[in-house]
Amino acid sequence: MRKKGITLGVMGLVAAGSLFAQEWGWSESLDMIWLFLGAALVFIMQAGFAMVETGLTRAKNATNIVMKNLMDFCIGAIVYWAIGWGFMYGTNGDVPGVFIGLSDFFKNPMDDPVYHRDWFFQVVFAATSATIVSGSMAERTQFKSYLIYTAFISALIYPISGHWIWGGGWLSDLGFHDFAGSTVVHSVGGWAGLVGAAVVGPRLGKYVKGEGGHISVKAFPGHSMPLAMLGVFLLWFGWYGFNGASTLSGSSPDIARVCVTTTLAAAAGTIGALFTSWIWFKKPDASMSMNGALAGLVSITAPCGVVSPAASIIIGLLGGILVVLSVEFIDKTLKIDDPVGASSVHLVCGIWGTLAVGIWGNVEGTAVGLLHSGGFAQLGVQALGIVTVGVWAFGTSLILFNIIKAITGLRVTAREEQQGLDISEHKADGYAGFQIFSNM
Amino acid sequence: MRKKGITLGVMGLVAAGSLFAQEWGWSESLDMIWLFLGAALVFIMQAGFAMVETGLTRAKNATNIVMKNLMDFCIGAIVYWAIGWGFMYGTNGDVPGVFIGLSDFFKNPMDDPVYHRDWFFQVVFAATSATIVSGSMAERTQFKSYLIYTAFISALIYPISGHWIWGGGWLSDLGFHDFAGSTVVHSVGGWAGLVGAAVVGPRLGKYVKGEGGHISVKAFPGHSMPLAMLGVFLLWFGWYGFNGASTLSGSSPDIARVCVTTTLAAAAGTIGALFTSWIWFKKPDASMSMNGALAGLVSITAPCGVVSPAASIIIGLLGGILVVLSVEFIDKTLKIDDPVGASSVHLVCGIWGTLAVGIWGNVEGTAVGLLHSGGFAQLGVQALGIVTVGVWAFGTSLILFNIIKAITGLRVTAREEQQGLDISEHKADGYAGFQIFSNM
Amino acid sequence: MRKKGITLGVMGLVAAGSLFAQEWGWSESLDMIWLFLGAALVFIMQAGFAMVETGLTRAKNATNIVMKNLMDFCIGAIVYWAIGWGFMYGTNGDVPGVFIGLSDFFKNPMDDPVYHRDWFFQVVFAATSATIVSGSMAERTQFKSYLIYTAFISALIYPISGHWIWGGGWLSDLGFHDFAGSTVVHSVGGWAGLVGAAVVGPRLGKYVKGEGGHISVKAFPGHSMPLAMLGVFLLWFGWYGFNGASTLSGSSPDIARVCVTTTLAAAAGTIGALFTSWIWFKKPDASMSMNGALAGLVSITAPCGVVSPAASIIIGLLGGILVVLSVEFIDKTLKIDDPVGASSVHLVCGIWGTLAVGIWGNVEGTAVGLLHSGGFAQLGVQALGIVTVGVWAFGTSLILFNIIKAITGLRVTAREEQQGLDISEHKADGYAGFQIFSNM
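Top line first, the protein sequences correspond to chains A, B and C.
According to the numbering used here, the first sequence is numbered sequentially starting from 1.
According to the numbering used here, the second sequence is numbered sequentially starting from 1.
According to the numbering used here, the third sequence is numbered sequentially starting from 1.
Note that these hints are calculated values from the structure, not bench results.
It is possible that part of the hints are untrue.
Said to hold, decoys possible - Quick list of the computed label-pair ranges, beta carbon to beta carbon: (1) A:282 / B:144: 49 to 55 Å; (2) B:105 / C:387: 38 to 44 Å; (3) A:333 / C:438: 52 to 58 Å; (4) A:221 / C:218: 43 to 49 Å; (5) C:25 / A:106: 36 to 42 Å; (6) B:374 / A:418: 55 to 61 Å; (7) B:374 / A:415: 45 to 51 Å; (8) C:281 / B:280: 55 to 61 Å; (9) C:403 / A:25: 30 to 36 Å; (10) C:25 / A:175: 29 to 35 Å; (11) C:175 / B:103: 46 to 52 Å; (12) B:280 / A:93: 46 to 52 Å; (13) C:387 / B:395: 28 to 34 Å.
Ideal Cβ positions, reconstructed from N, Cα and C, are used throughout, including at glycine.
Construct the complete structure from the given sequences, taking the supplied hints into account.
Pasting the structure below:
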């Protein structure tokens, strides 16, 4: 009888038999549901990304963007099971490799609750990294090319640098600290997004050369602020799993600190971006404020477990200011067209958050941050990690997108782009029945 | 003082006194929050269904569909408390009945945490079964008739076949295995939806007889792909509670396996449907891909606890292919108009997932699946359950919808249907202010 | 290595060292993840409010409303950390103050898991109270004035009356019972919203004096029923954390009762409002039904832990009927323009739910409710709390909104209001590209 939970609970333990019965007590049980629920929360971030990205772009590409968000998770999950996990958490013989894991590909155990649990918790992080790119390359990238890219980032790019930090590799040996993935997850996705946006080129009409060589930069307003805001709330919600469950232990008192720093940094980031935009553009800008929330969240992702509430407010606030400056710099100065500002949010604030560990961090009772210890050692290690992971992610993305461009093409035709990718790629209107201005 | 959680926690235990103080330890506590959170996750699937169904149908019926989704949960919850629970989990004297439970109607204890907990976990499954039908009968069914239907499925149809499998009835005695409800929940809702769609008839203009008797089949595109995709993500998210918490125990190591198989099957289902639609229709179809995700999830619902990761990929992939074939078959060949493909997703893949237990299943350490044991016994039991539950759900739905049709009418008038059910049934525009093409 | 959760879990405990190692066992661990996950669920209610409020108002104000929802959480979180917490849960010397807490401002511990945990759980309640007002004052309030208001309710108004009830103050000494905040959270927000709506005045064209002095009342239909319904589901989902985790203990068997009463009351509230609107207005009204769900939830918030399932159905049902009467009364008779009916939902049903404790309540094994004990004592205490908190919230809100009105102004200009606040306040269209009727 399905309803007899208590009886079944005990029987489940007995059924598990020789393997787990002795070691699987309250602590292991708590870790299991903690990581399970944390992973489920991270999963819903996929919906958050989908809503933010579609909300901040044009209606004619709405189907295409949400399809990319769906497919990068699906393809990512399969290849991360088959290949990515082995590179990230596999061993070389009995020990973790320094640069790469090389075991556990296509791992298929019937009974291995620790592997199953950890894989589930890790796959949602891998998928987060992959999905960042769909925003940066929105509104002009071929669907099939995006699918190829997403297989490679989930199978290779993300797992290998991830191994260095979370898989027991050389950066973790050096003491590099990235609690929940400002560098491991966000900066890798951010680099790939920035490179992808540059290689695929700006959207038609984005940078128009006028008389005298002056280039005017056009903004394409997003088609649904409510959906974009819903996405921000869903991302923030999911981030509690992203950061909170990164304690990896359901019985860690550190969970408490993480939830406070995550909340305050996100709040401060939003406020930072709101007022920066208000002063600069003379309006309390909605899309900047939303990116400010995400900026605060990315910024606190690395240090969330090792800083105080007040420090988290400063980290978030600076992240929120930074994201506005970065969006403007990348758009107006670098002239790289990132429609939703994903590289500013995930790469720039990912770097900022990773550095913040070296400024305010207090790791396992030891003040390692510059402001507390007076030393630059941790900051140096953090910088080393940022640079090496950056070189890896930038380099491999550049190669990957150029290969895809050469073989299958990366960009839709101008006609398809004007028509919108919903019709040209999927032959389906995102908003059938609604009258939409033809120039949007 | 509300903030003193620790003190209150201990006091709560003491306050509970003689009844629970001794037996309510970490294992019972963990089961409680596990089933609570699992049920909450299943609850949010209602939002997922609402968004998928409204997104895949026309704007003029948007209010009507989300209202049906809201009301089927509300009416379902009340009648499942009053009546359904007793039929499903009641006893006949001291033992579970073979065919029906007959006690615990209008059960109203002040203190009975196990009942309260289990009822909450079960009611959200009952509501899932009921809400499937709103999609199949969308865009032409009377609101009041739908409310009558939903009371009956939650009070009678779902609980009685549910009793056979989860309530200690004859199918559970035979060893029928349905971990989280491919048959109990999804196929029952799917049968009711298919029958409802057939009895209420196709939407106006769906099947039009041309010259020479040839019938052309029209597709009515959905009005919001972003909302539909949001719904898919919410459903997938909620499914982690649906499958995961169906261990019924928060300390079961099986939770881990369930989360992996659920994730991989859903991913594989999406990929299966994407490529099937791409090859067949020459486009990567969005609504098919979304249904593919749901197909993978329904397919893995029965076997999620008893198969390996690799098997879950195959089960999901075949589910994703199957759902495309089934949507086309029901639409073009059977000419039953199921606007969102709910019967293909929930009935066809519900059957497929139930059979998969008999092919790959390894129940409590015993290989019962055909591919592992070489025997057909389990497959036979699974087939028996599918057929008997199918006869029950098909038969009772057919009677129910025909009685409703005879007494109150099942369908709105042609004029109301053309006008849209938002105006004709609720006198409220779903999208006030937006210009919508009048023929949509 | 990040994946080794079990090892890290034990190490985390050891690392926590002298402070927690002995006292931090399964019960404390369970409380931590219970309150963490409960708080995360309450957080997603912000998304629910945003979707309900934007869905039930006009498209031209969509960006403005979701921005208010975002910012009230962000500003609220910072000021509740800096100031509000100290007023609500601070002490006067060693004991809780009778009227106000006066310690722990800008509290910034590195290690204090109990504080961190409790702050996180409390801040989301504070933010809920604040965000109620954005709905009542929608479509004509200045953005900057709203930000000022939100700082004051989160820093002062909410924490001080909250201290009386949850902080160990005089109402808790008298035995006032408000399990999860019908009065503490909802009525305070509801009072502020009602006062704010009255002070800012009705929207242009809402109450138009015709010939002979007759005033006609215009309804402005909401622009997206699907988003509004999504919001209702998200609120309901989050309410499971709001009510469920208000046990404050993850090992309390009371969790079970709370989930049942919350579900049944919400369902009954929806049904009550549906049929009331159906009988009165001759149509099953969507926005009334949605408000009925919320009415049921607000009504059960105070008594959810202390009433039986059957009582919860009655409480919810009456809440659902009440909300329809109240919306009509406030709109047509009082002529206060509350665009989404927030004061009816949160204030009127907040009062009703608080009284219900005195009618049906059974607190810690003692029947205190009128219907069980035959005595009016508890009902008297409940009424006293309602009145005093009401005087406080009404009075301070009235002063606050009038000061803001005098200093910075509270309302946008008529031209800005007609244009819509998205353009006039944020210079951004909520739905760029969509054709929207110019008079909406």
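Fill in: Numbered hints the structure breaks, given as an ascending list
Structure breaks hints 3, 4, 7, 8, 9, 11, 13.
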